[in-house]
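K.L.:
Protein chains in written order, with our numbering: chain A, 1 to 151; chain B, 1 to 151; chain C, 1 to 151.
Keep in mind that a hint or two might mislead.
[As the list claims (entries may be wrong)] Just some of the chain C residues that point at chain A, by a computed CB distance under 7 Å:
1. A15
2. S22
3. E46
4. W50
5. S52
6. L74
7. L95
8. A96
Honestly, the hints are just simulated from the structure, not real lab data.
Heads up, the beta-carbon is just placed ideally off N, CA and C, and yes, glycines get one too.
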Amino acid sequence: MPITSMNPALFAVFALTTIILSLKALFLGAATAATRGKLKSFLNAEDAAWLSGAHVDPDPEIVARIGRTHRNDLENLLLFAVCGLLYVLAGGSALAGFIYCGAFLVARTLHTIAYLGRRPMLRRNAYTIGFLVIVAMSLHGGWLIVSNLIG
Amino acid sequence: MPITSMNPALFAVFALTTIILSLKALFLGAATAATRGKLKSFLNAEDAAWLSGAHVDPDPEIVARIGRTHRNDLENLLLFAVCGLLYVLAGGSALAGFIYCGAFLVARTLHTIAYLGRRPMLRRNAYTIGFLVIVAMSLHGGWLIVSNLIG
Amino acid sequence: MPITSMNPALFAVFALTTIILSLKALFLGAATAATRGKLKSFLNAEDAAWLSGAHVDPDPEIVARIGRTHRNDLENLLLFAVCGLLYVLAGGSALAGFIYCGAFLVARTLHTIAYLGRRPMLRRNAYTIGFLVIVAMSLHGGWLIVSNLIG
């Protein structure tokens, strides 16, 4: 049964990677709200009335940019967290798992820095590495699960 | 190994909290589609042609509002579900877990009520409580995982 | 304890379904970026400057359409992955689980085909089947978890 072969160190590394990136995404979400407050520009009319600001739609560029960074993070984190957990539960190799987690953590941190800092080449490269990690880990996990099933 | 110390009652409470909030988010998603149909205002040209309505972009305010409520729910539910499952799998304390789950369930329910009912102060407070639950549960889970690993 | 009654074949089928749909969503995400590049129309000013294209906001219709397909996929995949894993961990019946996974896989594949191919009736039906699978699997899983707890 897959569960019993789970590697505790891999679980720990995967969990910490996921927690760190979750907190990063959470703070990006809060940063869109905080930036709206600082600019006194609100997407909801009731917020503008409450906080004596302007009702603007769409968001100002900087808010929209943090929002895009946040959304891109969540889109990729969802797939990493789900496919990664399946990889760990399927008893995936710890060494390969450490590499997936490390590469994803670095790539997604650089992606945030590049998006907020308007560095498009770094952003594309960081996104691509994160993309490749999800593909590799998913195919690796899928292969393992099929092997466990028919092996 | 973390898995074996999972508390069954905590798993149950966490799972039920997550299922209830998933169904809430699912119905908010369906409500955007249903409201477009009721207003005969569609974001896709082919829907407008099919259902004899208007092709509007962006969505009418009420559809956009349900959409924002839905998106905010999913953004927070993703992080709660992922970090919460890691907390449960890591053998987190049941009592603290019950508090995290209860507070998150109440906060996110109030958030939906406040967003749809245009009550900005309640919405901000509910969002903040949900935010703090994710931070606390993630740090608590991360701490536990590090302790398990080196302990 | 729920974990120990997990069915290995159900875990495998659920994991493979989730991995296939994750890769589909991942490629839809990359397709929005690739289509922006092909049309030389970029949402970020720095991309337009870097790649000698136009800075457009909002995205061209075809990019926005792929983006909506992608977003709808992630919204539903999140709920399926989370509630499905809880169903599997709770020791859900394998036969019902196979049906949930098969129906969801077919429905969400058809949804993508219908959205990109502008076929609104097929899109609505595919969406509805995916929606019903999540509702059924969540209620089934929730019922099981309550039964395990009090049983």
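K.L.:
Going through the numbered hints above, which ones does this structure break? Give me the numbers in ascending order.
P.N.:
5, 7, 8
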